[in-house]
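Enquirer: Position chain B relative to chain A; hints supplied.
Each chain, written out:
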Amino acid sequence: METLGSLVVVLALCLSVFSVAGSITGGWKRNQFLIHSAERAVYSIWFLLTVASAALVVSLLTGDFRLAYVVAHSNRAMPPLYKFAAWWGGQEGSLLLWSWLLACYSAVVVFTNRRRHRSMMPYVTATLMVTQCFFLLLNTFVASPFQVLAVGRTVQTLADGQGLNPLLQYPAMAIHPPMLYLGYVGFAVPFAFAIGSLITRQPGDDWIHTTRRWTLVTWLFQSCGIILGAAWAYAVLGWGGYWAWDAVENASFLPWLTATAFLHSVMMQERKGMMKVWNMVLVSATFLLCIFGTFLTRSGVVSSVHAFAQSSIGLWFVGFLAILIAGTLYLILGRLDYLRSETRLESIVSRESSFLFNNLILVASCFAILWGTLFPVLSEAVTGEKITVGAPFFNRINIPIGLFLLFLTGVGPLFAWRRTSLESLRRNFQWPLAGALALAGALLAAGVRHFYALVSFGLCGFVAWTIFVEFYRGARAIRAKGGGNLLAAAVELAHRNTRRYGGYIVHLGIVLMFVGFAGSAFNKDATAEVRIGDRFTLGSYQLVVANISSGENENYTWSRALIQASKGASYVGTLEPERRLYKASDQGTSEVAIRRRLNEDLYLNFAGYSGDSQRAVIQAFVFPLVSWIWIGFWVLIAGTLVCLAPSKVRLEYPRTQVVGVKKTYAPVEK
Amino acid sequence: MRRLKSSVLVIVLAALCAAQGMNPLTNERVRRLGDQLQCLCGCGSSITSCNMLQCHFAGPARVKLLEMVNAGLSDQAILDAFVKAYGPRILLKPPAEGFNLLGWVMPFIGILVGLALVWYVIRRFRRPAALAAGPEMDAATLARYQERIEKDLEKLDS
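Chains as they are written, first to last, in this note's numbering: chain A, 16 to 685; chain B, 10 to 167.
Bound conformation, chain A alone (with noise of 0.2 Å):
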């Protein structure tokens, strides 16, 4: 099995050096049979990352304890689902699974675009390529993951391995970080798009559309994959955070963010032809952005606790960054004319300028965040001292740049394309700002004082309301020539303009999630060593403890709390947390015990045993508004599917040029 994964990997590296070399060749020649050619040795490759895939699937699920990868990550407790995650539950499997989803997008792009893009096409196959060789490279020469276990020249075989790290053996961790990597590596489909287009000089923006969609796409499952990341530290690190500012979240986040802002000003390029350079920079950089936070993960520059195990990994990765950024930097600028830019902005108090200002925001955001997670880095080559940058820093200063976004999601959409009157601002703004200030008005006059969550409760109110008007006032135009009822024309509205309708329920997503952020302000918590029998309260909450047990199979051994809350007078339900200790490889967990409420969720870890082992510890917390996060979510997702639904009313975006008065005139009405 390790020689046919190791033949097929070696294999597929020589035929992505062909695919690089053909289709350069073959574009730059215009010879169509080497194009082809190029094209089949990306199914090829394809085909035979899938087969290395399988074969470390099949050693895994079997227990071929003569790899060594399968003795790291994987014994025969485990069961299967976990045996099919420890695919991805080390370095060498992860890059294996990083170049496979690789090939997954080029072949799916290579066969979408067969007819498509046929000029750029080549230029587009060999930036996948160059990419999927440099991975394959890593597969082959640095991590490879079926590398046997040997004294001397012969073989050996151990009894069992030490398993998969068991805070990962949990069903959202088995999906997380593939949906993470399908992000991470969907991004290359956009940036090898825009490198063709660079190459080609592409005229006309047929192209931004496909990019558009495969950023939407991409973007999606990086969402995805955040939030899947976020609900698996809620529900299993035991501590009741979703996001702790560690440098692999961050990594994760940051191209995110710069997709997020390249989504928006897209726009502006397809309606209005400007930003041309910025959404080239902004495609390159959420790729590199990408390849940094792959970096980040496996060089273990910055400490983390996602990190794997340290290796010198991180150099290959900073040779590949370098060579990709010069590479682009060398295309954009000498490609300027090109991207000249060909309307001119009308006014500040315009749609373009708020998407400039949403673009300003994000990145800024962006470029804070990974400021944060390398100061330590500078901090330490500068001054000699290891410091730490944790979740208070990049809480004080992400949450006002936060809001700020969450503001501008409300504003932007009420501008006019080119210049907004006072008028019609006065108008669209009136009523959801009263909104707004009523909404924080009664949460103070309720009692609440703290300052971010006023800002943000009234904020959420204020872009739900220009939402929900945007959506009553098409649904009302369309009912009154239509008929039918408001709901009916909603969806109608939406189906129209997929886009602009799907493009607000996502930001409808966004404030259901920050109702879910500022809740955290008002979180509560306790901690008491108990016997059966004993009680304790936190907030409103009376817990009782009825039992506490003990036992193990053969993956774990177990100690259980079943534990009887009741609110006020009326009793709410039994929760019964539980701490682990998996036997292969003597490490912890907590199964805590959640009581999901839309207001409020009641948690409970079960830490461990008190000094003396009489009590067991039990840390109980109330996270108000946290399941928010999870439905903001849903509807993120339903929204962006709404985004990728095609429109039932083609969009034609014309362009409104200004065009300089040439010498010959029409003749002027008289």
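Hints are not guaranteed to be accurate.
For lysine-lysine, the following DSS-like pairs were computed, each having C-alpha atoms within a straight-line distance of at most 30 Å [unchecked claim]:
1. A:K401 / B:K102
2. A:K496 / A:K539
3. B:K102 / A:K539
4. A:K401 / B:K160
5. A:K663 / A:K496
6. A:K663 / B:K73
So these bits of chain B aren't anywhere near chain A, every CB distance computed over 12 Å [unchecked claim]:
7. S83
8. D89
9. A90
A few chain B positions that, by computed beta-carbon distances, are all more than 12 Å from chain A [said to hold, decoys possible]:
10. N79
11. A86
12. G123
In short, the hints are calculated from the structure, not lab data. Ideal Cβ placement from N, Cα and C applies to all residues, glycine included.
Expert: Frame of chain A; chain B shown alone:
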């Protein structure tokens, strides 16, 4: 003499805690202070939130925190003691002084630079394209034309 008194108090209280087997996390101040200190076991989380079973770092650190809290030390004194023992990296939030000040102000400098850029872009985009001299036409005709252009654009953009 006062120091002796307080150290006696610390010992007595520590003994008391040990006797009770009190988990330090039951103390609210310990949790709050522990959230500002990084657990150095490699987990990357705070001393309060480190989730390792019997973490070799967070466990003793919490006990020490509780001792200090019970001894009546101020928050700042406790944090200072930890910085003295483990270096500044134990603070989750770098102190805003010296070189580290740069860490705090740089994001805002970034925003300012970005604002300047946006301002520049807006100004550049707003500069009207150089127009060649157009045909002569009277004000009324021009106004009519402009109105029509406005109307058409309105339609296009909505």
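Enquirer: So, for every hint listed, does it hold in this structure?
Expert: Results of checking the hints against the structure:
| no. | hint | verdict |
| --- | --- | --- |
| 1 | A:K401 / B:K102 | holds, 12 Å |
| 2 | A:K496 / A:K539 | violated, 52 Å |
| 3 | B:K102 / A:K539 | holds, 22 Å |
| 4 | A:K401 / B:K160 | violated, 63 Å |
| 5 | A:K663 / A:K496 | holds, 17 Å |
| 6 | A:K663 / B:K73 | violated, 67 Å |
| 7 | S83 | holds, 19 Å |
| 8 | D89 | holds, 15 Å |
| 9 | A90 | holds, 17 Å |
| 10 | N79 | holds, 16 Å |
| 11 | A86 | holds, 19 Å |
| 12 | G123 | violated, 4 Å |
Of the numbered hints listed earlier, those contradicted by the structure are 2, 4, 6, 12.
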